[in-house]
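Visitor: Protein chains in written order, with numbering that gives the first Met the number 0: chain W, 0 to 278; chain Y, 0 to 360; chain F, 0 to 286.
By construction, these hints were calculated from the structure, which means they are not laboratory data. Even for Gly, the Cβ is constructed at its ideal location relative to N, Cα and C. Take the hints with a grain of salt, since some may be wrong.
Said to hold, decoys possible - Computed beta-carbon distance windows for the label pairs:
| hint | chain 1 | residue 1 | chain 2 | residue 2 | range |
| --- | --- | --- | --- | --- | --- |
| 1 | Y | His18 | W | Gly264 | 56 to 64 Å |
| 2 | F | Pro178 | W | Ala172 | 23 to 31 Å |
| 3 | Y | His18 | W | Leu136 | 51 to 59 Å |
| 4 | W | Gln141 | F | Arg247 | 26 to 34 Å |
| 5 | F | Ser175 | W | Arg97 | 47 to 55 Å |
| 6 | W | Ile27 | F | Leu139 | 18 to 26 Å |
| 7 | F | Ser2 | Y | Pro73 | 12 to 20 Å |
| 8 | Y | Ala108 | W | Ala172 | 37 to 45 Å |
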Amino acid sequence: MNRPSFVWKLYIAAFYVFLFAPLLVVAIFAFNASPFPSPPWRGFTLAWFIGDGSAFGKPGVLMDPIWLTSIGNSLKVAIPVALLAVVVGTVNAWVLERAEFRGKTFLAMMMLWPLVIPGVVLGISILAFFSRVANGLEDWLQTDLDPLRPGLPLVILGQLSFILTISTLIIAARLRKFDRSLEEAALDLGASRARVLRTITLPFLKPALIGAGLVALLMSFENFNTTLMLVGSDAPLPITMYGQMREGASPAINAVSLFLMLGVGGIASLFALTSKAEA
Amino acid sequence: MTSPPDLDLLNITKRFGSHRAVDDVTFSVAPGEFFSILGPSGCGKTTLMRMIAGFEDPTSGDIRIRDKSMIGVPANRRPVNMVFQSLALFPMMSVGENIAYGLTCRGVARAEAEKRANRMLERVGLKGFGDRRVTALSGGQRQRVAIARCLVLEPTLVLLDEPLGALDLKLREHMKIELKQLQATFNTTFAYITHDQSEALVMSDRIAVMNQGRFEQVGSPRELYHNPATPFVASFVGETNRWQGEIASTAGGTVALRLPSGATIMGEGAASQKSALAFVRPEAIALSQDQAALGTLPNRFEGRVAAVLFDGANSSLLVETPGFDEPVRAVLPQAGPLAGIAVGAPIHLGWASQATKVFAA
Amino acid sequence: MRSAQRLTLFLLMAPAVLWLGLLIVLPHVEILILSFSERVAPRVYAFGAGNYLEFFTEPLYWRTFARTAIMSILVTAITLVLAFPIALYIARVARGPTKAMLLLLCLLPFWVSELVRTLGWMMLLRETGVISYLLRMTGLADQPVEMLYNDGAVILGLVYGGLLFMIVPLANALESLEPAVVEAGFDLGGSRWTVLRRIVIPHAMPGIVAGSIIVFMLTVGNFATPVLLGGKNGLWFTEQIYAQFITRFNWPQGAAFGMLLLLLSSTIVWVGLRLTGQSLGTTLRQA
Numbered sequence: 000m001n002r003p004s005f006v007w008k009l010y011i012a013a014f015y016v017f018l019f020a021p022l023l024v025v026a027i028f029a030f031n032a033s034p035f036p037s038p039p040w041r042g043f044t045l046a047w048f049i050g051d052g053s054a055f056g057k058p059g060v061l062m063d064p065i066w067l068t069s070i071g072n073s074l075k076v077a078i079p080v081a082l083l084a085v086v087v088g089t090v091n092a093w094v095l096e097r098a099e100f101r102g103k104t105f106l107a108m109m110m111l112w113p114l115v116i117p118g119v120v121l122g123i124s125i126l127a128f129f130s131r132v133a134n135g136l137e138d139w140l141q142t143d144l145d146p147l148r149p150g151l152p153l154v155i156l157g158q159l160s161f162i163l164t165i166s167t168l169i170i171a172a173r174l175r176k177f178d179r180s181l182e183e184a185a186l187d188l189g190a191s192r193a194r195v196l197r198t199i200t201l202p203f204l205k206p207a208l209i210g211a212g213l214v215a216l217l218m219s220f221e222n223f224n225t226t227l228m229l230v231g232s233d234a235p236l237p238i239t240m241y242g243q244m245r246e247g248a249s250p251a252i253n254a255v256s257l258f259l260m261l262g263v264g265g266i267a268s269l270f271a272l273t274s275k276a277e278a
Numbered sequence: 000m001t002s003p004p005d006l007d008l009l010n011i012t013k014r015f016g017s018h019r020a021v022d023d024v025t026f027s028v029a030p031g032e033f034f035s036i037l038g039p040s041g042c043g044k045t046t047l048m049r050m051i052a053g054f055e056d057p058t059s060g061d062i063r064i065r066d067k068s069m070i071g072v073p074a075n076r077r078p079v080n081m082v083f084q085s086l087a088l089f090p091m092m093s094v095g096e097n098i099a100y101g102l103t104c105r106g107v108a109r110a111e112a113e114k115r116a117n118r119m120l121e122r123v124g125l126k127g128f129g130d131r132r133v134t135a136l137s138g139g140q141r142q143r144v145a146i147a148r149c150l151v152l153e154p155t156l157v158l159l160d161e162p163l164g165a166l167d168l169k170l171r172e173h174m175k176i177e178l179k180q181l182q183a184t185f186n187t188t189f190a191y192i193t194h195d196q197s198e199a200l201v202m203s204d205r206i207a208v209m210n211q212g213r214f215e216q217v218g219s220p221r222e223l224y225h226n227p228a229t230p231f232v233a234s235f236v237g238e239t240n241r242w243q244g245e246i247a248s249t250a251g252g253t254v255a256l257r258l259p260s261g262a263t264i265m266g267e268g269a270a271s272q273k274s275a276l277a278f279v280r281p282e283a284i285a286l287s288q289d290q291a292a293l294g295t296l297p298n299r300f301e302g303r304v305a306a307v308l309f310d311g312a313n314s315s316l317l318v319e320t321p322g323f324d325e326p327v328r329a330v331l332p333q334a335g336p337l338a339g340i341a342v343g344a345p346i347h348l349g350w351a352s353q354a355t356k357v358f359a360a
Numbered sequence: 000m001r002s003a004q005r006l007t008l009f010l011l012m013a014p015a016v017l018w019l020g021l022l023i024v025l026p027h028v029e030i031l032i033l034s035f036s037e038r039v040a041p042r043v044y045a046f047g048a049g050n051y052l053e054f055f056t057e058p059l060y061w062r063t064f065a066r067t068a069i070m071s072i073l074v075t076a077i078t079l080v081l082a083f084p085i086a087l088y089i090a091r092v093a094r095g096p097t098k099a100m101l102l103l104l105c106l107l108p109f110w111v112s113e114l115v116r117t118l119g120w121m122m123l124l125r126e127t128g129v130i131s132y133l134l135r136m137t138g139l140a141d142q143p144v145e146m147l148y149n150d151g152a153v154i155l156g157l158v159y160g161g162l163l164f165m166i167v168p169l170a171n172a173l174e175s176l177e178p179a180v181v182e183a184g185f186d187l188g189g190s191r192w193t194v195l196r197r198i199v200i201p202h203a204m205p206g207i208v209a210g211s212i213i214v215f216m217l218t219v220g221n222f223a224t225p226v227l228l229g230g231k232n233g234l235w236f237t238e239q240i241y242a243q244f245i246t247r248f249n250w251p252q253g254a255a256f257g258m259l260l261l262l263l264s265s266t267i268v269w270v271g272l273r274l275t276g277q278s279l280g281t282t283l284r285q286a
C-alpha cells in the first residue's frame, strides 16, 4: 500500500485536473477579447474588468452599475452577518463551554440542527414565518414593516440562521482548549473581571474570532439557496450571477468570478495563517 | 510572637453537598515563615489554598490576613498571590509582560512597571529574559517567572500549589533548594502545598499534615518525623515499619505490645485501648551479625536477609524475622561491615523502646 | 449572588434562544401549519391534508421527488467511489508538505462560490464550450457537441460539488488507521484487495458514513447546479419548492413540499446514523 501504482498516481493527477479545470476556464476567459465567454481565443483584453462598454457593447465589471450594486448589496449583508456571527457565536460558545444548567445537551443539539436543514427549506420557513409576523404586526400597528418582507434585512436573518452554528462551533472549539487557571492567575494578580476578559481570554480567543469572522464573511458572500428565497428587489452578487447565467452572460461574469476566486484565496490564506498561529 | 501572624485561619469548614472537603481547620502562619500543608491527593489541601486565595468561599469560619478578615474580599483584592500548579504563565505575553501584569493592574505606569519587572528578573537570575516568549523557557525558568510574577507585587503571602509537580526528578531536587533560598532572600511568607513529603521536609519551617479535611498535626519537620502525633502522620511522613498488636502491659511510659504471633515488642506511647499500632523507622533499627553488639536494646530479634534494596546512601534490607508477618525493613549503612551482606545471611536486629511509637488502633 | 448568576446565565442564553426560536423553531412550526392549510375560498384557509394529497396525485410532483432522491443516492455513491482513492492517497501515501499541499488543493475550489464552479462546467460542456471546441479542433467531432442540459451533466456537477465533503472525513478516518494493522494484514497473507476490504474499509466506516450523509444532504438540497446544468431537464425538487413559493405564490403547497424535502433529508440522515450506530454530533464534527 505504501508504493502507489502508476495507475493510482495517474488517477490522482487526473483528479486534480478535473478539480481545477472549471476554475481555470473561468479565469482564462475573463481575459478573452470576445463578446461571449466561449472559445475561440480572440486575444487578450482587460475590457471585462475596466472597459467602458465601447469595445463589446457591454461594460467591464468595475464600470457596470449592475455588478457594482450587487457587490455592494453582498457587502451590506456579509458585514453585519460576520459581525453578528462573531459576537453571538462568542456568547453561544461561552454558554456551551462555561455555563452549567439543565438542558445544556439539548441546547447543544439544537445549535447543530440548522446544519442538517436544506438551505431552501430554511429560506422558505423564515420567509413564511416573518410574513405572518409582519401581517400580524401591520394590522395591529397600522404601519408598514418592510424589514420583515423579502429584502436584505431578511437575507441577513436567513443567513445567520445557519452561519451562527458554524461560528459557534469554531469559537467553542478554541474556548475548550483554554486553561482556566490563566484567568484565575490574572484575577489573583489583581485584575478586574473586565480586565481579565480583555487581556487574557479575548487575546486567547482572537485567532478563532478572526477565523469565524472570515468564514462567516465568505459563507454569507457565497450563499445562494437561502438567499434566493429571501431576496427582494436588491440582489446580492450570487443572485445577479444566477440571473445572468440563465440568460447567457458576457465575459464580465468571468471577471467577477475571478475577483471572487482571488478574494477566496486571500481569505483562505489569512485563515490558514491564523490557524497556524493557533497551533 | 510579637508581630501579628500574616495568616490566620479560624475554624474553616468547606462543604460540597454533604462532603466536608475542609473540616474545622485552624492555624496561623508567622511573618517570614515557610509553611507547608502536606497531604495525599483529595485531602482538601487544594480547596484550603483556593479559599485563602479567594477562589472558593468557606462554608464557615474566618480567614484573616494581618488581622483583616478576607471573607467577602474577592481574589483580586487580596494581598495574596498564588503560584499555580500549571504555573499559568500567560502565553500571549512576553516574560516581562507576565511579570509586569500585576503592577499594571494596580495602575503602575508602564515604564515604571517595566523597570520593576526587569529588576525582579535580575533578582531571580533571569536578567535579559524580559522580551522572550514564555513558551521559549525551560521548566526551571518558567518556575522562576511564575514566582517572580507574584513577588514583584510584594504580597503579604505567597501561596504555592504543588508548583514542582510537573518537573522531572533532577530539576525538582534543584528547585527545592532554589525555592528555599528565594524565600529566604525575599523574606516573604510562603504557604506551600504538596503531597511530596520530601519537598515539605526539606523546605519548611513548619508543616501541617492534612488528611480527610482535617489537620492531623502541625509542627516542625523534626517534630513530625520523630514525634508523630497520629498513626497517619507516622506512616505518611517518612519510611516506617508498621505492626498491629495488643497491649500486654504498661509500666511508666513504656508499653509492651504483643503481636498476633506472640512476639512482644517494647515501645512508648499512650495507648488506652487494647488494640494498638506500633511504628519503627528503618534507620532506628540496629543491625549486627553478632548478637552481643546489640547489648542492652530491649527489642532484639534474629532473622534472615530476604532482600537487599540497594539505593546508595538510602540502601536498606528486608529481614525475614520469625514473629513478624512481614519482613522488617532496616537501613543498611554502606560504610559499615554489613555493606556486602547477601540474601539468605542470618542477621540480628534490635532497637530502643523510644524508637517504637505506639498508638491506639 | 445566586440571582445575579441566574440573571447572567439568562442574558448569555438570550441570543441562542432568540436565534433558535425565531429563526429555526418557529419558522418550521409555521411551514408545518401552512402545509396543512387548504384554500377553500379566496383568502380563506382551512385545515386539511390537501397539499400532501396533491403531491401524491400529481405525477410531476412525486416523480420529481423520487428522481431527486434516487439521483442523490447515485451521486453520493459515485462521489464515494471517486473520493476513496484520493482520500487513501492523502491519508496513507503522501507525506509532509506534499500531503498538506494535496489537501489544501482539494479545499481551495470548494471555498469558491458554487455558482463560479457551475459557470466553469457550463463553459466546458456547452455546445459552444471548450470541450466541444477541442473535439472539433482535434477532428474527433465534425460538429458542435452539446453536453449540457442532460442528467449526465447534472450528476457531474453534483459529484464535483460533493467531493470535498467526502474526501475530508474519509481522509480523517483513514489517517487514524495504524500502519502496523495494515502490515499485519499483508503479513498474514492477505492480498491487496482483501486487506482493503477486510481492514481498510471497515476502519474508514465512520468517515464513509459522515461523508455520505453530508454529500447526500447537500445534493438533495442543491438548487443552482441541477437548474443551471440540467436546464429544463434538471427537474430537481427544490425547484418545485421555489416555483410554488416565488413563481406561483402557492405557499401552502410549497410549505408541504418543504416539509417533504426536510423529511427525506432527515430520514436518510437518521437511517444512515442508525445503520452504523453513530451520533449526529460526532458525525458533523468529523466534517
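Visitor: Determine for every hint whether it applies to the structure shown.
Guide: So, going through the hints one by one against the coordinates:
no.: 1; hint: His18/Y to Gly264/W: 56 to 64 Å; in the structure: 58 Å, holds
no.: 2; hint: Pro178/F to Ala172/W: 23 to 31 Å; in the structure: 28 Å, holds
no.: 3; hint: His18/Y to Leu136/W: 51 to 59 Å; in the structure: 54 Å, holds
no.: 4; hint: Gln141/W to Arg247/F: 26 to 34 Å; in the structure: 30 Å, holds
no.: 5; hint: Ser175/F to Arg97/W: 47 to 55 Å; in the structure: 30 Å, violated
no.: 6; hint: Ile27/W to Leu139/F: 18 to 26 Å; in the structure: 22 Å, holds
no.: 7; hint: Ser2/F to Pro73/Y: 12 to 20 Å; in the structure: 18 Å, holds
no.: 8; hint: Ala108/Y to Ala172/W: 37 to 45 Å; in the structure: 39 Å, holds
Checked against the numbered hints listed earlier, the structure breaks hint 5 alone; every other hint is satisfied.
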